[in-house]
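Protein chains: 2
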Amino acid sequence: MDKIKLPMIDDVRSAAERIKNYIHRTPVLRSESINRIAGAEVYFKCENFQKVGAFKFRGATNAVLSLTDEELSKGVTTHSSGNHAQALALAAKMKGTKAYIVMPSNSTRVKVEAVKEYGAGIIFCEPTLEARESTLTNVVERTGATFIHPYNNFNVICGQGTTALELIEEIKNLDYVITPVGGGGLLSGTLTTVSALSPATKVIAAEPEGADDAFHSLIENRIVPSIKPKTICDGLLTSLGELTFEIIRKNIYKIVTVSDESVIKTMRLIWERMKIIVEPSSAITLGILLENKIDLKGSKIGIILSGGNVDLEKLPWIK
Amino acid sequence: MDKIKLPMIDDVRSAAERIKNYIHRTPVLRSESINRIAGAEVYFKCENFQKVGAFKFRGATNAVLSLTDEELSKGVTTHSSGNHAQALALAAKMKGTKAYIVMPSNSTRVKVEAVKEYGAGIIFCEPTLEARESTLTNVVERTGATFIHPYNNFNVICGQGTTALELIEEIKNLDYVITPVGGGGLLSGTLTTVSALSPATKVIAAEPEGADDAFHSLIENRIVPSIKPKTICDGLLTSLGELTFEIIRKNIYKIVTVSDESVIKTMRLIWERMKIIVEPSSAITLGILLENKIDLKGSKIGIILSGGNVDLEKLPWIK
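Top line first, the protein sequences correspond to chains A and B. If you're matching positions, the first sequence starts at 668 in our numbering and goes up one per residue. If you're matching positions, the second sequence starts at 668 in our numbering and goes up one per residue.
Treat the hints as calculated values from the structure; they're not laboratory data. Among the hints, erroneous ones may be present.
Identical copies go unnamed one by one, so any copy, or any two together, can satisfy a pair.
What the hints assert, rightly or not - Here are the simulated DSSO-like cross-link-like pairs (lysine-lysine), alpha carbons at most 27 angstroms apart as the crow flies:
id, residue 1, residue 2
1, Lys687, Lys762
2, Lys986, Lys778
3, Lys778, Lys932
4, Lys981, Lys895
5, Lys964, Lys760
6, Lys760, Lys778
7, Lys932, Lys986
8, Lys741, Lys765
9, Lys897, Lys921
10, Lys765, Lys778
11, Lys783, Lys932
12, Lys981, Lys932
13, Lys839, Lys687
14, Lys778, Lys981
15, Lys964, Lys839
So here's chain A without its partners, still in its complex pose (with noise of 0.2 angstroms):
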């Protein structure tokens, strides 16, 4: 294999520069009543009030800017049937140019409405990677839009990594940046950011126990796919990819797995003292620090939150 091109921070700021009038800028938010509970002074990035309400928007932005005009012109597809999906048909819509999403024919109807509700085109397949991907093939052939991977793809990383370019900028001097992963792209980006701006800040990051792939990825040094992954955080189901691995396993100080249990807990926790909505695949970021698998005890830490798409219907607490 040749040597993979991994994103260095000068291309984060490119991508910052080239995504800032199409984002929103998003607050850090604290609470005094979980810094009590936590024992640590903690600073949310708020990427839940991202556009399409999550961080996804950054990456998705950052690759539909980043083609030629003639690429532009065929579109841009991928397979997703989550917040990627969303955000890569909106970025799409802004630039003007035409998104293909493949979606699996389970997606839920809210799931596929919101992709709708920003003009993309919607291509439904079995629920099964093969048919995904055969779909996405088949999709390329025919329209030549350009494949905007989920993750593993450099100026989706690129994007990601603008969440904590603000976050640094505006927070000085963290001990600890913590960030989900599920496929990467948020915390390659993170580390890519991280580690050449603000070296002695580690980075952890936090998985689910029931799809804890990257943790074993870390361990056996090789991806260790993502196989009948069983969590509450549905945004952290996916397998690391090539890009993403690669720089995880240079930079990263640790990866942390938490409990389903204790991400209802802290996503409760959130909403009650926060009253910010939040995802379970982001509040399993400061269910770290619930957890006490690692001591956090004292240090400043800034938590990306990444978004805050959830079903209102069903809340994990309600019986």
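Let chain A serve as the given structure and place chain B on it in line with the hints.
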């Protein structure tokens, strides 16, 4: 009756100066999708992010900080089962004085716990207005504590008026400011501020259809008591007071009533689109724009989201 002394803008400014190191300066948020739905430019002043989760902390803090040392030595008291109870308890704690909170014996455990958490003493009474008042009188006689009325209190009103002060400092040339109205503390504070500093801005109040005593009070030009109110907006059940009625009568542009159905719809809309938690008594403000009883299309509107204290076990749209 003697002529009652009404708060002036300088009183609000003094309150702002007095409480500024104790309160949060809350953010003003906006949402493109809500603007699109409402057909207006809406700025949300987020008092759901205020300490204790509601604007009530401003008024309670100003009232406590306005006491003499002798008064402070004897503590403060009120009857309330809602946000004012928590607000007064925390304000008293911050100033190192005692709070005695009279609560009806049928108050929910959550509310009792919240007040206890702030270190207040709780005195239970029968759940009738008579019992609340006689119990309060006993507390005052026994302890010498100062009664801080939840809204019909000069210093409380001045404190609540600081919310609008921050809003109009940040967002200029608003056509309208909308607040909810229950007892009228927030509304009369807002009127005091807005009529003095931005006289071209019209203040509108949102009131539940099932608790429309303020609406009728304006029509009849006397305080019509709130009898057997029936609404999901549990913060908007009370009658106006002499002081709040006087300010409202003189300065308000309009009171618009909103159905509980619209309240629930807008509450969910705010949760979904803005990813913030607001209580029904807050969501009612945006309800005005969706009910179309008054045409606000194309205008620039400041909305005060008064609080975010919701029982997360029971969401009104989950059957």
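Results for each hint:
{"no.": "1", "hint": "Lys687 to Lys762", "result": "within (14 angstroms within a copy, 44 angstroms between copies)"}
{"no.": "2", "hint": "Lys986 to Lys778", "result": "both (23 angstroms within a copy, 22 angstroms between copies)"}
{"no.": "3", "hint": "Lys778 to Lys932", "result": "both (25 angstroms within a copy, 20 angstroms between copies)"}
{"no.": "4", "hint": "Lys981 to Lys895", "result": "within (23 angstroms within a copy, 33 angstroms between copies)"}
{"no.": "5", "hint": "Lys964 to Lys760", "result": "between (45 angstroms within a copy, 26 angstroms between copies)"}
{"no.": "6", "hint": "Lys760 to Lys778", "result": "within (17 angstroms within a copy, 46 angstroms between copies)"}
{"no.": "7", "hint": "Lys932 to Lys986", "result": "both (14 angstroms within a copy, 23 angstroms between copies)"}
{"no.": "8", "hint": "Lys741 to Lys765", "result": "within (7 angstroms within a copy, 69 angstroms between copies)"}
{"no.": "9", "hint": "Lys897 to Lys921", "result": "within (22 angstroms within a copy, 54 angstroms between copies)"}
{"no.": "10", "hint": "Lys765 to Lys778", "result": "within (18 angstroms within a copy, 51 angstroms between copies)"}
{"no.": "11", "hint": "Lys783 to Lys932", "result": "between (33 angstroms within a copy, 22 angstroms between copies)"}
{"no.": "12", "hint": "Lys981 to Lys932", "result": "both (15 angstroms within a copy, 17 angstroms between copies)"}
{"no.": "13", "hint": "Lys839 to Lys687", "result": "both (21 angstroms within a copy, 25 angstroms between copies)"}
{"no.": "14", "hint": "Lys778 to Lys981", "result": "both (15 angstroms within a copy, 24 angstroms between copies)"}
{"no.": "15", "hint": "Lys964 to Lys839", "result": "within (18 angstroms within a copy, 43 angstroms between copies)"}
In summary, the structure agrees with every hint in the numbered list given earlier.
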